Amino acid sequence: MIFPYLTVLAGLPLLGALIAAMSKAKAARVVALVFSLLTLVYTGVVIWASKSGEAIYESFEWLPMIGATYSLDMDGMGLVMVAMTVLLVPVVLIAEWKTGLGGKGRFSSKAFVALVLLVESFSLFCFLSVDLVLFYIFFEATLIPMFFLIGGWTGKKGKGAIKFLLFGLAGGLIMLFGVIGTAVLSSRSGAPSLLFSDLANAGLPGNTVTKVIFLSFFIAFALKAPMVPGHIWLPDAAQESTPGGAALMVGILDKLGTFGMIRVCIGIFPGESAWATPVILILALVSIFYGAFAAIGSKNLMRLVAYTSISHFGFMVLGIFALTSASLTGSIFYMVNHALSTGALYLVIGYVIARRGSADIGDFGGLAKIAPLAAGFTLVAGLASCALPGTSSFVSEFMVMSGTWSRYPWIAGIAALGVVFAAVYILWTYQRMYTGPVPDEVAEHVKNDLTWRERVALIPLVLAFLVLGFWPQPALDEIAPTTDAYMVSASATDPAVEIEGGR
Amino acid sequence: MTFVAPSIDYLRLAPFLIILGAACLGILVEAFVPRKPRFITQIIVAVLAPLAAIGVTVWQWGSVGQGLADPHASASGKVVSGTVLIDGPTQGFWIILLAFGLISVILFAERHVHSGATAFTPMAAAIPGSTLETEAADAGRAHSEVFPLALFSLSGMMLFVAADDLLVLFVALEILSLPLYVLSGLARHRRMVSGEAALKYFLLGAAASAIFLFGVTMLFGYSGGFGYEAVAAAVQSPTQSDSLMLAGLGLLAVGLLFKMGAVPFHSWVPDVYQGAPTPVTAFMSVCTKVAAVAGFLRLFYVCLGGMRWTWQPLVAGVAILTMVVGAIIAINQSDVKRVLAYSSVAHAGFVLVPFVGAYTVQTGLKTWQMSSVGSIMFYLAAYGFATVGAFALVTLVRSQGREVTALSAWSGIGRRHPWMGVTMLIFLLSLAGIPLTGGFVGKLVAFIAAWEGGYWWLTLVAVALSLVAVFIYFRVIQVMFFREPTAETGTVETPGAATWIVVVVCLVGTLGLGLVPGPVTEVLNQVSAFLMAAGF
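From first to last, the protein sequence lines stand for chains H and U.
Going by the working numbering, the first sequence runs without a break in its numbering and finishes at 503.
Going by the working numbering, the second sequence runs without a break in its numbering and finishes at 1039.
This is chain U alone, in the form it adopts within the complex:
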């Protein structure tokens, strides 16, 4: 076997390389920049890199052979010898990932509400409660590594979305996961809970990765190749037993559904979301989900699209189970972060509804319509704004210098702090899918795509479960506005510039997507056609 040097299209790959490069640069900053200006340097790197990457992606927007008019365009999006594919959906999901990555990273930088410190532990290596930790805190130390870690994770997510090869997909999965395991364990307060969250996430995540890898080997055995094209070709004209392929499909689905937080692989979500520092939770709850859904989409639509009839009922079952479990358990939670965690589980279920419909150019999409991919992108964007915004507000509710997330500490908070209350209300309404917010339009286009794909009964189920899910949020609203403030009620700190930016951006995004969704849907729909050699 001779080694062939891969041909890499650096320009196409530039957004990913910028983030990866910035992450590496962050490590150098950590090593060489003196402590005092280090934090601010890291912030600058971590903010400029996504901005630059967004700029490059926008500049290249539509430059690859995609678009609804040309679904079977030549495989011009292939870079790195065909293991990475940069097509419309890649660019669309990149923009979403970069935007929310950027917003979350800004939230990482908030120091004002924590009385001058970040939300992260001053010294992760110190034993919780030890004098070493106190000294580090008094010295004002901070783990500025969180920024490169987040960027590494973001780069993994970007690769995950673009992967056109099962091995690259697996490597990307690990790149995106490992930094998240570390980040989850870095909470400043309640460090034992945070450590527990990190360990839980790591152990379960490692198991999921192993299962995923096992699935990859099955598909390799089935098709004799790792590339999506090879697998798709094998699905069209099988040479091996179908059971091998079905086993591979199932195992891969387990790995991806785990990352997405879909039932029955959701049990890590509430614990990890609760234990992790809130800015990290915001980052995870949006970006990880976006990446996992996007990877899942490409894998199932492109690679295993030929098996659509097999996986559609399966995913429909998972979707229903996820919506039911997420919505019902969330109603019973007594902690705001856990409520939002279960709500994110429920939303994973709602996202799977248009996924099942698989309404794309290949299955009869008409030019003016919104495809499953486009509607999923929109849904995730709306979900992202509302979720990050809600978590940003969660960081503001404090008591004795600590973030308090118990629902009882939120009792009557909307009455004491009307503006914070109204802002949170808007985020919760968007998550509940009430009109005039992005969440409503997301539900509308997503469910229409499912119906167009032939799954009108799933739309009916999803609408019914939306009603159940609404109660997740109205319970919080009721606590915030209808209960009396008590001694337990936390105070809302004045946000610093970072949190201000995040909240305002998320508010504008939530209302913007709800009031004028037209342009965004147009843009997303333009990039919603996967490049694929074979159709469904």
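The shape of chain H in the complex, shown without the other chains:
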């Protein structure tokens, strides 16, 4: 009997959620933090074990009638996604330490921490599953705790949460059609199996039905990621959520969309992906610019960050479907960096919003004089999110662009303009919030700078994207084998570099 490393990894937060839900109100958040840190440490153990040659692949029969199994494995992409998740969750728990206390919000702080751990557990299962049905189950299951996380603590009517759920379930059910279709196709081929690896080699027929199935998957992932025009739920949900909840939603859950595009669309339906690529690339471009313009025009900070994310997801999708080694590796790395930088941005903005009692940009001004630390963190996180060299986002964005360039120079050229707008929305927001004279209203509400607890939550994220910015090689080395595997299974080759006037 081999030790079920991965089940324990994804199960730890679930256990933590149950224990937290049953413990006393005051103890719950401590329990939750302990479990999230335990998961973080344990992830290190699992990585070490897998590096030292332990077998971590687990597979059990689950529903043999349709070939569905309970199968977990961790490839390079899974590893970085897991690492990102287990790092972000304790940070969010620390940042939201006081959420739900004092009778504010619909539910208790106990419910908050339990839901955060549920989101963590379900996402981990999703990142680790190598079976289509298992992936689907947890892809869909994350919606429920996140729904309550969004709607539970900010006292609005819950419209954003409903919108989140509506789009999530719509995507999920569209995808259910694809899952059912894939199961039927797989069972017609003789030996039903829904393992990603088997499906990739199954040789699904390239007919219209397969195209419809591919589309159902792609639409579901595009709603999740989110891409224009399926993005309209994200700003509303983010606006209503607590900053920590928004960080989890944008940082982890939305990655399930781009993650699924690689796992399912590129992995199982390479032919159909190639067929749809022109439209997808255009949509990605539209997302990049739409997100950037909407962010520039946004008056609400939570919405602004949500729009910047739409723009970033455009880059990730671009890199995925450009399908070169560099762009795909860049996209996977981008997913991690986006969680770090946007997570940090949401948290620090959340701190100042909580002090000011308003998320409207117009209500801020001159904050750098009162809260220099907050200003510094905002600037660093913001610049990281718009890919300043020295931060890890730069590495990933550069890889996406250069990879895309080698195949679609025009599209890469246009996308590069998006980087300019990214600088605009970050710097202009910083200017409006932190520089200039301090209005009386601001001085009245914002009295102190970041506390120790708030700083402790931010430092790991900032450290992570700075370290990975200067030394991205370990992460890229992890991702590279995954990228190569997908390139091979999609029978894609990198375009040969033509050097004009070359010798």
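Treat the hints as calculated values from the structure; they're not laboratory data.
This structure is a prediction, so every number in the text was calculated from the model and none was measured.
Incorrect hints may have been included.
If you anchor each label on the Cβ, the simulated ranges turn out as follows [claimed, not checked]:
| id | chain 1 | residue 1 | chain 2 | residue 2 | range |
| --- | --- | --- | --- | --- | --- |
| 1 | U | 539 | H | 38 | 55 to 65 Å |
| 2 | U | 1019 | H | 203 | 49 to 59 Å |
| 3 | U | 619 | H | 448 | 55 to 65 Å |
To list a few chain H residues with every Cβ distance to chain U over 12 Å, as calculated [what the hints assert, rightly or not]:
| id | residue |
| --- | --- |
| 4 | 180 |
| 5 | 293 |
| 6 | 297 |
| 7 | 325 |
| 8 | 456 |
All residues carry an ideal CB built from backbone N, CA and C; glycine is no exception.
Go by the hints and put chain U onto chain H.
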């Protein structure tokens, strides 16, 4: 004509006879046991009988000639001179019926939350609000006849599932219906509504039965026999005009779709479900539906299987209509019981989706796959756990000693009572078909069966309508968790042992079917092949 004594295989028939016998025993208990120990005696009879019947069915499991490997096994399952057939699906549906019958009957016995009384009126014969009624209530009287009535109904359902003869099918239909008419009218509170529900159910049910019987005569005229085998043979080599058979098929379908609560024969469902005592509603919403679907399956697959190409589009239309109407009207309801009633209408539509696919051994099922029958069984089991569980929780929400079911009385209830809220949430998620619950796996296997049967477009429609149906449940969830508790909000009573058992069993069942569906699907698939003389 000489009379031939029927040969009855009592052993095979034992589960049915146990329930029927226990029902009769219940009447004797009513007559001879003194009032004080009567109630508890009835409970013991009503709980032990299904348990014993389950035991016998499990013991005989697979003992009849069925199984995927042997679809055309000799007609060894025939008992009672071939009018009743005990094959795999009979046993499978019996287990489901007995299990949910047992759970519902336990719910009948709850007296703790009703401050010492049952959910049933102390004296049904008294005029509502009269002094006679008050006296009976003060004297602590109780209609313990509800237990034998439920057992009679259950026995009718079991016969309905096993019937291999149109007349037996009709008799079984009446046995299962008549006690339900009475039970629906026995609510303790809001007795006028309850009486109205019973009358409505009775009148419409009687009309449906008459239509059903008319259909039986048509098929008799067409085939010259009542047995399924005779009809199936006539369908293969017709001697009469097809229009006679089509008329018979249509009329029979009306009768069965009525019991199932499918559109356009669903109008009784919300009124009856709302008016009937909640434990009875739980019983009806699951067991009646299971029996009706099972009877419908055998009739259409075995008896009229040769006419598959004719009835598949028809049933597909009914399925779509049922899903649409059930899901859309449910969204607009302001009463939890009515919401669940319309949800049960919508689920009747979802069950018909794999039904239309008709994916069985006879139509190319491969050994490892799940057939339409097996997936329907699984779907109904998942639906049953979630529905009974939800109704059990409905009985707990009370205000001034009465059950309150208005949606406004549920406002914010999940925030005041988190554990009750979370439990209800899980049942609703299962009904909505969200993963990690039985409802999801049910939808998955059911829709796969429909697609395998060649109806991929119906799968697409069903998936789209699942999204609409999800809103039925999320509206309730939103009310429970996102609205502020108001003065109107009911309190959640501490459940007594009976309700505890029911809720826990249903919760375990819902999560169990969702997390480890493998063994159950295996077992159900083993018994999913109808014994039939002729294939499709």
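Structure-based check of each hint:
1. U:539 with H:38: 55 to 65 Å: 57 Å, holds
2. U:1019 with H:203: 49 to 59 Å: Cβ of residue 1019 of chain U to Cβ of residue 203 of chain H: about 31 Å, so the range 49 to 59 Å is violated.
3. U:619 with H:448: 55 to 65 Å: The hint (55 to 65 Å, Cβ to Cβ) holds, given that residue 619 of chain U and residue 448 of chain H are roughly 60 Å apart.
4. 180: Nearest chain U Cβ is 5 Å from residue 180 of chain H, so the label is violated.
5. 293: 31 Å, holds
6. 297: Fine: 30 Å to the nearest Cβ keeps residue 297 of chain H off the interface.
7. 325: 34 Å, holds
8. 456: Check passes; 30 Å lies beyond 12 Å.
Hint compliance for this structure: hints 2, 4 are not met, and every other hint is.
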